[in-house]
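Peer 1: Top to bottom, those sequences are chains A and B.
Numbers 218 to 699, taken from the numbering used here, label the letters of the first sequence in order.
Numbers 218 to 699, taken from the numbering used here, label the letters of the second sequence in order.
Simulated from the structure, these hints should not be mistaken for laboratory data.
Idealized CB from N, CA, C, for every residue including glycine.
Mixed in with the good hints, there may be bad ones.
[Said to hold, decoys possible] Simulated pairs of lysine-lysine, DSS-like, Cα-Cα distance not exceeding 27 angstroms:
#1 A:K233 to A:K491
#2 B:K491 to A:K606
#3 A:K696 to B:K233
#4 B:K496 to A:K596
#5 A:K605 to B:K696
#6 A:K569 to A:K491
[Unchecked claim] Sample of chain A residues with no beta-carbon within 10 angstroms of chain B, all distances over it, derived:
#7 K233
#8 K373
#9 E378
#10 N455
#11 I560
#12 C600
#13 L608
#14 R618
#15 R623
#16 I692
[Claimed, not checked] Covered stretches of chain B, going by a simulated chain A footprint (3 or more residues, C-beta under 8 angstroms):
#17 481-493
#18 589-600
There are 2 protein chains.
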Amino acid sequence: MLKNKDLDENTEMRIKSVCRKALEWIMPSEEERARTLEFTRLLLESLKRELSKDNVNAEVQIEGSIAKDTWLAGEKDIDIFVLLPQEYGRDYFQKVLEAAKRVSEGNYLEAYAEHPYIEAYIDGFTVNFVPCFMVKNPAEAKSSVDRTPFHTQYVKNRLNEPLKNEIRLLKAFMHGIGVYGAEIKVGGFSGYLCELLVLYYGSFIRVLEAASRWRRGEVIDIEEHYKSPEEARRAFRNEPLIVVDPVDRNRNVASAVRINRLSEFILASRLFLKNPDIKFFKPQVIEPYSSEKLLKVMNERGSTLIFVKTGAIRAVPDILWGQLFKSQRAILNLLRQFDFDIIRSDVWSDEKETNVFVFEVSSRLLPPIKRHVGPPIDKISNCEDFLKKHLESKWILSGPRIEEDRLIIERRRRYIDVVELLRDKLAQGGGRKIGVASLVAKAFSENLEILANEEILPFYLSNNNFARFLTEYLIGRPKWLI
Amino acid sequence: MLKNKDLDENTEMRIKSVCRKALEWIMPSEEERARTLEFTRLLLESLKRELSKDNVNAEVQIEGSIAKDTWLAGEKDIDIFVLLPQEYGRDYFQKVLEAAKRVSEGNYLEAYAEHPYIEAYIDGFTVNFVPCFMVKNPAEAKSSVDRTPFHTQYVKNRLNEPLKNEIRLLKAFMHGIGVYGAEIKVGGFSGYLCELLVLYYGSFIRVLEAASRWRRGEVIDIEEHYKSPEEARRAFRNEPLIVVDPVDRNRNVASAVRINRLSEFILASRLFLKNPDIKFFKPQVIEPYSSEKLLKVMNERGSTLIFVKTGAIRAVPDILWGQLFKSQRAILNLLRQFDFDIIRSDVWSDEKETNVFVFEVSSRLLPPIKRHVGPPIDKISNCEDFLKKHLESKWILSGPRIEEDRLIIERRRRYIDVVELLRDKLAQGGGRKIGVASLVAKAFSENLEILANEEILPFYLSNNNFARFLTEYLIGRPKWLI
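For reference, chain A alone in the conformation it holds in the complex (with noise of 0.2 angstroms):
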């Protein structure tokens, strides 16, 4: 590690004491490595057999983690990319990918992304194999797994022992905090990111000092290839946090951070920093309030906690978890629409059998009045049709006078009840009406329950999980926080 003027030396050591401590369970051991290496070894050459067995003339590569020798201990991922020659057609994909599920001897699943792929089970190790294309510069991909060969290459080239432990300590202090993975579901750092990042600063640290300074729109451009961070955030607008791809300009690695992630992110790193401490690398393990403390917890909030739950959804998960998050979002819209002070919201998932969204609401019914306001007095024909509408209609209850400059009302609401308002707007199909995605909608339709508070407990009580999930929405505090 770097040594830093920012910290004072007391504070140093105890950086080193605890990043040594992470060390010693993060880097895999000389057993493990063997046996990993080993192991992709034969994948390789089977793979390649099996390839020529086809008459497929490709190149076979290991990427990700293992190729650069950053993984962590435990770690069984292992990406066998299969790069085709650009004249062959897509139809040699199909090629690639029997050849896989030969060496996978049957325990696979066949995958889709922005490609085809399998994901197989052998030996404890979950095996990606990817066909991609052999391009000459990452500019010419067709998908983005046509640049990682190039990744792979340009971290490869720059990596050292010293660093590749640095690379280890920034992956397993995001994977500690939550914020590792780019996948949906989390929204985070993917592996390529960590790596540039510490190539970039120099070390974990050094990271992690500049985090704790990154303002919304931080650009980081390697290879400078925009004159000014200026012209990069233009090109990448919007984005929270923009790492610009050393090996093409026009990609933002760290396009799959969301700003919720990017936030803790930065958070922790400056908690780190102040208070080094080995929970951030090795999170607590929360245990599921029993079911007194979860009634009694729920009761002092006095919110009412919503529970809309429903059956299997058949998806990869980052299929899945778009889907649940978009549906989401709708239900989100439809309660503040119909007037729902909404608390919080959440989604769990096992991403198997059942799928369960919690909405808290200030209060579960809402008073029958409400007030509705009208258009402002020099809109004549509008005000014509509100006075229209509203003079004999059955739902008023006051009005219609004018506040300020407008006409006002107050009528009856027609929902009062959260639960009955969901009820009728996601039940027989009619989640598609409100914006849930499709999968979501065809799932409620099949299998629906709305749960409130209490009701809930049964399945609290059936599936850990879940329960662990719920205490610790409950504390609502991360748990490098607790």
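Given the structure of chain A, go ahead and fit chain B onto it with the hints provided.
Peer 2: This is chain B only, laid out in the frame that chain A set:
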């Protein structure tokens, strides 16, 4: 009435017929006119006599609608101005007041607006004796009363018999829809303003037609004191209606007109022209709801009506209402600050014994939980303070955590009951601290009742005037819209 192209013949006929009916009861009879003028003449003479006894050498003049012969039948207000030479000091005002008191034979109030004056009650008339300075031109006026004689002169010079009735129609219309009067309680159109509007537009109906199309910031500059409406708007910034005083370019005759009253006049003008009806001149009398009906209507709304009731406040009406409105705004701010959702508010006063503020809120109680949005993550020291304050706070229910780029917590509310909040903040002289006006705060500290919903019933049943007010509040619709 002048012929008009905008209206179809049928509507024009109906307007004429309604106006004819209205004039029948708003034009003073020959007998009333003779009696009023004779009474005024006698008053004038006896005041002159008293002044000469004291060697006060002053011009005594009738002002107001009696002077201009524009008063409405049954109006019993006589304005007598005593114009003192400018050489005289302010002590001469006292001599005028003393003379007026002698004329009033004991039945008077000594009042003070900008100026001291005597309000006397003689033979069923309300007579204002107002001392002022005789200035050469209105720009030299030391207070608005010095300008009044010029207003009277300006209007008298331009009046003719038909115009007098047009003015009477406009005044009666404005009175009927509740926008007549420049006093604070009303915030509407003064008699002088009505006269100017008729002089400018030519007739009652033409005023209504013009008003139907008025926009916020409308400029009427009869003597073309300003080069353009824009110039006038720059001089009278943000005033909703600008009628440049013909005798003083620096005065807006409509400065007392509040946006509510202006909007009501505009809308009523449009509706009258479309569907002329005597109800605009003679609004129906609303009978108070029975107590059963009152409770039923309140219950249907489902809101909470909070009545803040206090005792006598000794002040002339303009001061009283100024203080009441200021206090109402302060209390509304308090309620908003503590997150109570306000449906509507109003103030009632008998101007003697009792004052009642009405605050209608969605719900008397709020849930214990409150979402509290903290600083954005890039305000480093604010974040530190926020964490320090809340990490150990006993008020915390959840958090701190991050949402988007901000720290968020959920905490217990300090007040969940609006009645408790108001009692705490208004009792024992606390009102001043939250911005309640001085006399009202004093009244609260002597006598404060905070009543919710049906708790108002005893007072409602004991005071017919208040009962009518509350009934009209609940209907919440101008009488010309009923």
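Peer 1: Against which earlier hints does the structure fall short, listed by number upward?
Peer 2: 3, 6, 11, 12, 13, 14, 15 and 16
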